[in-house]
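Enquirer: Residue numbers (my numbering), protein chains in the order written: chain A, 455 to 617; chain B, 455 to 617.
Warning: the hint list may mix true and false statements.
Any copy will do: because identical chains look the same in the list, a pair fits if it lies in one copy or spans two.
What the hints assert, rightly or not - In the DSS-like style, the derived pairs of lysine-lysine whose C-alpha atoms are separated by at most 27 Å in a straight line are:
| id | residue 1 | residue 2 |
| --- | --- | --- |
| 1 | Lys461 | Lys590 |
| 2 | Lys532 | Lys482 |
| 3 | Lys476 | Lys535 |
Read the hints as simulated data drawn from the structure, not as lab findings.
Number of protein chains: 2
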Amino acid sequence: MTDQETKTFDIVFEGVGTSTGKMRNDIKVHFVTMDETFDLATDEGPFHGGDGTAPPPLALFNAALTGCIMTQIRAFSKRLKVPIGKVTVKCRMHWRGEQVGREPYTTGPVGFDLDIDFDSPASTEDQLRLLEASKKGCFIETTLMQGLEVGHRLQIDGDWIDA
Amino acid sequence: MTDQETKTFDIVFEGVGTSTGKMRNDIKVHFVTMDETFDLATDEGPFHGGDGTAPPPLALFNAALTGCIMTQIRAFSKRLKVPIGKVTVKCRMHWRGEQVGREPYTTGPVGFDLDIDFDSPASTEDQLRLLEASKKGCFIETTLMQGLEVGHRLQIDGDWIDA
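Taking the hints into account, I'd like the entire structure generated from these sequences.
Expert: Here you go:
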């Protein structure tokens, strides 16, 4: 029970990717909420037809999840008064693909696992409390947990059609 | 019905993130399957207590999803013989956070939307077929679609405990 005020806030990112190299994509990401822009890129290695000029998309995804949970850990450490030292997070992501003949492959996740070391003098109970809050605050983890059907529109002859 | 052989393949990424700056994390991502390593970093802007030395985690996430669907589009264009020109993908991600007083905030997705332009002379039917295959091949989109509970372990006094 609390009589404290509940606030909500929105976080919006809009990226625009364009194909540049054989498999390279240059992506301008606009953090709409803060009006900041970041220039990012992905590529694939020669095995997948690319030139290896940038990390593959899944490397960015791995760093994104790792960095996102670490941001929450560090922000909430102060709020919950659970001291931490040098935080280390190992993030393992495993997918499996399936391909029939030469048809396009289909994919799905096998499992994602985070091994976390707070380097903390706090009690086990306090460390678990910090981790629990961090999971619930991590934008990527809560999205994965909830699941999400991405919406798609396709531009055909100048019109946008739901796809 | 097909008598073509079905193959499966595994894709594994392992990142290790360490806290470096105030909110900066340096993350070494190992693409285990191909034995390639990528040095990435995230930071936060001053508003969230960081120094803005690298993109925030959600900017990497946005570029990852955008780049991943674009990789599939370009790979499958050839296999499905659906010609494409300069591909452009706009990826909008919207989350909402909620905070009671000064407690740690909780977060959840509102919606993710992809607007895709293949710049293609192909029929609408063929373009839709290419998009459908790309959705099913995109590692990130199929993970979001399925939903996933991330596993966690916490290091306490040298032991790993499930958390």
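Enquirer: Next, verify each hint and record whether it holds.
Expert: Okay, the hints, checked on the actual structure:
1. Lys461 / Lys590: This pair counts as within: shortest intra-copy Cα distance 16 Å, inter-copy 37 Å.
2. Lys532 / Lys482: between (33 Å within a copy, 26 Å between copies)
3. Lys476 / Lys535: between (50 Å within a copy, 17 Å between copies)
Taken one by one, the earlier hints all hold for this structure without exception.
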